[in-house]
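Next come the chains, spelled out residue by residue.
2 protein chains.
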Amino acid sequence: MVLSTPIRSLSEFLKLPETKPASEYIDGVIVQKPMPQGKHSTLQIALASQINLRGEPQHSAYAFPELRCTFGGRSIVPDISVFNWERIPLDENGEVLNRIEIVPDWAIEILSPEQPTTRPMDNLLFCIRQGTSLGWLIDPQERLVFVFQRDRLPETRTGDDRLCVLPAIAEWELTVNHLFHWLRFG
Amino acid sequence: MVLSTPIRSLSEFLKLPETKPASEYIDGVIVQKPMPQGKHSTLQIALASQINLRGEPQHSAYAFPELRCTFGGRSIVPDISVFNWERIPLDENGEVLNRIEIVPDWAIEILSPEQPTTRPMDNLLFCIRQGTSLGWLIDPQERLVFVFQRDRLPETRTGDDRLCVLPAIAEWELTVNHLFHWLRFG
Numbered sequence: 001m002v003l004s005t006p007i008r009s010l011s012e013f014l015k016l017p018e019t020k021p022a023s024e025y026i027d028g029v030i031v032q033k034p035m036p037q038g039k040h041s042t043l044q045i046a047l048a049s050q051i052n053l054r055g056e057p058q059h060s061a062y063a064f065p066e067l068r069c070t071f072g073g074r075s076i077v078p079d080i081s082v083f084n085w086e087r088i089p090l091d092e093n094g095e096v097l098n099r100i101e102i103v104p105d106w107a108i109e110i111l112s113p114e115q116p117t118t119r120p121m122d123n124l125l126f127c128i129r130q131g132t133s134l135g136w137l138i139d140p141q142e143r144l145v146f147v148f149q150r151d152r153l154p155e156t157r158t159g160d161d162r163l164c165v166l167p168a169i170a171e172w173e174l175t176v177n178h179l180f181h182w183l184r185f186g
Numbered sequence: 001m002v003l004s005t006p007i008r009s010l011s012e013f014l015k016l017p018e019t020k021p022a023s024e025y026i027d028g029v030i031v032q033k034p035m036p037q038g039k040h041s042t043l044q045i046a047l048a049s050q051i052n053l054r055g056e057p058q059h060s061a062y063a064f065p066e067l068r069c070t071f072g073g074r075s076i077v078p079d080i081s082v083f084n085w086e087r088i089p090l091d092e093n094g095e096v097l098n099r100i101e102i103v104p105d106w107a108i109e110i111l112s113p114e115q116p117t118t119r120p121m122d123n124l125l126f127c128i129r130q131g132t133s134l135g136w137l138i139d140p141q142e143r144l145v146f147v148f149q150r151d152r153l154p155e156t157r158t159g160d161d162r163l164c165v166l167p168a169i170a171e172w173e174l175t176v177n178h179l180f181h182w183l184r185f186g
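Chains as they are written, first to last, in our numbering: chain A, 1 to 186; chain B, 1 to 186.
Careful, some of the hints might be misleading.
Some chain B residues flagged as far from chain A (calculated, every beta-carbon gap over 10 Å) [said to hold, decoys possible]:
no.: 1; residue: Phe64
no.: 2; residue: Pro116
no.: 3; residue: Arg150
no.: 4; residue: Phe180
In silico lysine to any residue, SDA-like type, Cα no more than 20 Å apart, as pairs [unchecked claim]:
no.: 5; chain 1: B; residue 1: Lys20; chain 2: B; residue 2: Ser41
no.: 6; chain 1: B; residue 1: Lys15; chain 2: B; residue 2: Ile102
no.: 7; chain 1: A; residue 1: Lys39; chain 2: A; residue 2: Arg129
no.: 8; chain 1: A; residue 1: Lys20; chain 2: A; residue 2: Thr42
no.: 9; chain 1: B; residue 1: Lys39; chain 2: A; residue 2: Thr118
no.: 10; chain 1: A; residue 1: Lys20; chain 2: A; residue 2: Leu67
no.: 11; chain 1: A; residue 1: Lys39; chain 2: A; residue 2: His181
no.: 12; chain 1: A; residue 1: Lys39; chain 2: A; residue 2: Pro167
no.: 13; chain 1: B; residue 1: Lys20; chain 2: B; residue 2: Thr70
no.: 14; chain 1: A; residue 1: Lys39; chain 2: B; residue 2: Thr118
no.: 15; chain 1: B; residue 1: Lys39; chain 2: A; residue 2: Gly159
no.: 16; chain 1: A; residue 1: Lys39; chain 2: B; residue 2: Thr70
Here are the simulated distance ranges between beta carbons [said to hold, decoys possible]:
no.: 17; chain 1: A; residue 1: Arg162; chain 2: B; residue 2: Asn52; range: 37 to 45 Å
no.: 18; chain 1: A; residue 1: Ala46; chain 2: B; residue 2: Pro113; range: 41 to 49 Å
no.: 19; chain 1: B; residue 1: Gly159; chain 2: A; residue 2: Asp161; range: 31 to 39 Å
no.: 20; chain 1: A; residue 1: Asp151; chain 2: B; residue 2: Gln130; range: 27 to 35 Å
no.: 21; chain 1: A; residue 1: Asp151; chain 2: B; residue 2: Pro113; range: 27 to 35 Å
Calculated directly from the structure, the hints in this document are not laboratory data.
No residue lacks a Cβ here, since even glycine has one placed at the ideal position from N, Cα and C.
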């Protein structure tokens, strides 16, 4: 699931071709993300779409799935990276940059079956220490979400608990049950 | 790995015979802990012994492996529960009680391969919200320790990082490398 290769520098790592699933550079080690499966993939696209449905019309926030973010000595690919609109990194034509070198405002990781939670959790803690204001660790198997915020113990959210979202889309009322309801088809 | 059985009340659960591995009662669900394997077992006994080597002579703290602790509506069995000496629950003969109904001062969970991290992490967060002052989540595979303390974001400790221990044995200098070194035999 997680393959570690010999240590290279971050700049060397960034010159390597991208892999599928994406690889991350963490404390001198290259780690490949697990291959996304059904529930992971469904939650990733459903959640990112729902965030954008709320953030895009009012130009307040935008969610990117599988976006490489390089900052603070790591190069990571959160399952979903959400930026407040004014922080989306743009080039001179107003188009999104390819190389993202700032922290997302909201980072979301979705666990895959049998994937150790350790790596995604450590990446979320890293993001928050680097300036991300909100982190979610979603466990589809246990139907719970850990919510990470600065200087606070993470909170466990289950059932009808309302989930804390980015202030930019604060009017959105999303519960844990609602989130996992997106897994149901037909 | 994790088996959920139909919902019973906590008092009903406490009347059931103990299982091996132990079962926990969490939010109306009964969950059996994974069967401990080599690394888990080694770290559990080594760490508990080392804590007692420091805490017992000076009557400052004592570590119990696999102790059922029932409080705040859950009945859980941390891999190691450490109590400050004066908080060890005793009967009229000065012997330790069988039924422990207070929070440990320091709760330690050690991950097993392929065990979801979610349950032990949620139990640690629960302990801390209920009054436990220190929590460790040890991942032998990734060689890291998450350290949980009240009103703080968990910290990731690796390599030569020194681990925060209970104030009762604060003179103990233990690094992450040292901890995982106990896995080596011969």
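Here is what the structure says about each hint:
no.: 1; hint: Phe64; result: 24 Å, holds
no.: 2; hint: Pro116; result: 6 Å, violated
no.: 3; hint: Arg150; result: 6 Å, violated
no.: 4; hint: Phe180; result: 14 Å, holds
no.: 5; hint: B:Lys20 x B:Ser41; result: 14 Å, holds
no.: 6; hint: B:Lys15 x B:Ile102; result: 19 Å, holds
no.: 7; hint: A:Lys39 x A:Arg129; result: 29 Å, violated
no.: 8; hint: A:Lys20 x A:Thr42; result: 18 Å, holds
no.: 9; hint: B:Lys39 x A:Thr118; result: 17 Å, holds
no.: 10; hint: A:Lys20 x A:Leu67; result: 13 Å, holds
no.: 11; hint: A:Lys39 x A:His181; result: 11 Å, holds
no.: 12; hint: A:Lys39 x A:Pro167; result: 27 Å, violated
no.: 13; hint: B:Lys20 x B:Thr70; result: 18 Å, holds
no.: 14; hint: A:Lys39 x B:Thr118; result: 17 Å, holds
no.: 15; hint: B:Lys39 x A:Gly159; result: 34 Å, violated
no.: 16; hint: A:Lys39 x B:Thr70; result: 34 Å, violated
no.: 17; hint: A:Arg162 x B:Asn52: 37 to 45 Å; result: 44 Å, holds
no.: 18; hint: A:Ala46 x B:Pro113: 41 to 49 Å; result: 31 Å, violated
no.: 19; hint: B:Gly159 x A:Asp161: 31 to 39 Å; result: 36 Å, holds
no.: 20; hint: A:Asp151 x B:Gln130: 27 to 35 Å; result: 20 Å, violated
no.: 21; hint: A:Asp151 x B:Pro113: 27 to 35 Å; result: 33 Å, holds
Checked against the numbered hints given earlier, this structure breaks hints 2, 3, 7, 12, 15, 16, 18 and 20; the rest are met.
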